[in-house]
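S.K.: As given, the protein sequences belong to chains H and V, one line each in that order.
Going from the first sequence to the numbering used here is simple: count from 1 and add 94.
Going from the second sequence to the numbering used here is simple: count from 1 and add 5.
Calculated from the structure, these hints are not laboratory results.
It is possible that some hints are incorrect.
[What the hints assert, rightly or not] From the structure, some residues in chain V lie toward chain H, with a derived Cβ separation under 7 Å: (1) 76; (2) 89; (3) 93; (4) 94; (5) 96; (6) 121; (7) 125; (8) 133.
Backbone N, C-alpha and C fix where the C-beta goes; we use that ideal spot for every residue, glycine too.
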Amino acid sequence: MGQIVFGALAPHPPHLVYAANPPQNEPTAECGWETLRWGYERLADRLSTIEYDTIVVLSPHWQTYVGTHFLGVERFHSLSVDPIFPNLFRYRYDLTVDVPLAEQLCAAASEAGLVTKMMRNPDFRVDYGTIVSCHLTNPTWDKPIVSISSQRSAAFYSVEVMQEQMLALGRATARAIEASDRRVVLLASESLSHRHFVSEADIPEDMSREHITNHHQYLWDMKLIEMLRTGRTREVVDLMPEFTEQAVSESDSGALTWLISALSFPRYTAELYGYGTVIGTGNAVMGWVPREAR
Amino acid sequence: MSDSDPTELEAPEPGTVYGLLVPGLPQPLLCPGAGAGYQRLHDAFAAARRQLLAHEPDLLLVYSTMWPSIIGHQIQADPQPEWVHVDELFHDLGSIPYRFRIDEGFAHQLRDALDARGLTARTVAYHGFPIDTGSVVALKLLNPDNSVPAVIISSNVYSDRAETVVVGKACRDAILAGGRRAAVVVVGTLSNRLFTDWIDPADDRIHSLKDDEWNRKILEFLGQGRLEDTAQLSREIHRQIRVPKVVNFKSMWFWSAVMGQHNQFDGEVFAYEALHGTGGAVVGLAPCGSGVGDKEFDEDDVEQFHGDRDVLA
Ligand SMILES: [Fe+2]
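Sequences and hints are given; from them, build the entire structure.
M.R.: And the structure:
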């Protein structure tokens, strides 16, 4: 019987990969965003104590206005250039996909009444949100992944409609994993508050320029983190419409709602590995270890 | 008797010699045969291309609403970008190999012109840069042989009217200063509400009657050459028929600003069809000496961008 062995809020600013200078990324940096990168190191340390087979990630940067899509090709290797920050992220990736699990997730989502699609085009370029979150969580890439698209119903309808769909997708995810033989790590790839600066320092990693866009965003970030740390996940979902709108949050992608639902609204403490801002946006790296997996 | 040399041809006038609005969804390129409307759009691209070439442009300036940016505006400056593109939504329609001819020199002039008007702008020239589906579709269908060099400029997700109008003016500055004959291609849909389920392409239609009526009103204006009037309606269009993915419907602000902010055009609607529920139109505007109606300006005419004024949008 399969199991969710770990869940994480795993934001994807490409800056974090840039600052870490991995061999896959062409640009190089002197330093930068250490508090978040150290947070990811703590997450990776935590994960090294847990046995798992597959990482399943939901990314806001695979935007599919028609249905929820799942990567369905065994291997992808190509170059990912960030469309917004191409100066920072030009990353050669080579990854494998757990296609059987992707198909099971897709089928379970369809059974739950969601519109779905398997992505079978071998020329497809994997989105940078998926790549950044997976790289920072598991820099060795020694596990296959499944990437799930963001269906954008917050823009098309409302956060409430988006959440209904993401709660259903989360339940379907949990069901499909349970029915599989996989031990799975789930990643919600998103920032919390998400108002960017619209200019960049000449040295992008100049940390004297890095701070939250405004106090209001910071207050929202702290409120969310505190609720997640104290197991108030139902309240987080209830508050999501206000949070998403007022903090211009990347939670409009549905990733966090999906994760909370798949973890069955955890009331236990989320572990906080790090918080920091990236070009003004608020980012927390947090993890949940389900009781039955401890 | 004139003493001018009759063999000496008059140099063509620089400026914005032609304007085009085209949809960026991939169906007209990848599966025109799947639906009669897709085929009509495909054919409209070809007709628009003929009109465009008749105006003898030496530059295609592409403004794509499907290329979002955050750090100001980005300008494609890779002289020969080459890739096999796959749309993130309609990936099952197939892959799109491309190789484009980008006017690198003009891209840099454009960046300087934006800079001179107080805007943040940068060129991008990286192998593998993900050129958006809309730009790829437009260039493949309008300029398949790369006979006219192109530049592509992004659309900032946060920019509203002032910034967008100034971007358009800066583009015009660069075109005039460079003595260029530019055809301006705006990539974007009218109403942008997609069906959120799969459809049979043969059954494609505009998502709602309201969207359809607004689209037809916009096309009535553009067909009469009333570009600035349409631009003045942008906020209302956004409220009525745009899924709010970005702060505002801004393509008409850009288009009018770069074309000179007036209504003096011969407009031609080559096609108007549904693309998975959205309003896809191919519209051409040729500058002419006269135009219908008068400007209905009720918004500031901004010359220099001084940054956000921190008003609540
Ligand atoms: Fe993001």
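S.K.: Indicate, hint by hint, whether the structure satisfies it.
M.R.: Quick rundown of the hints versus the structure:
1. With its C-beta approaching chain H no nearer than about 5 Å, residue 76/V sits inside the 7 Å limit, and its interface hint holds.
2. Nearest Cβ of chain H to the Cβ of residue 89/V: about 5 Å, under the 7 Å cut. The hint holds.
3. Proximity of residue 93/V to chain H holds as hinted, the smallest CB-CB distance being about 6 Å (cut-off 7 Å).
4. The beta carbon of residue 94/V comes within 5 Å of a beta carbon in chain H, closer than 7 Å, and the hint placing it at the interface holds.
5. For the restraint placing residue 96/V at the interface with chain H, the shortest Cβ-Cβ distance is roughly 4 Å, inside the 7 Å limit, so the hint holds.
6. Proximity of residue 121/V to chain H is violated relative to the hint, the smallest CB-CB distance being about 16 Å (cut-off 7 Å).
7. Hint on residue 125/V holds. Least Cβ distance to chain H is approximately 5 Å, under the 7 Å limit.
8. Taking 7 Å as the C-beta contact cut-off toward chain H, the hint placing residue 133/V at the interface holds, the least distance being around 4 Å.
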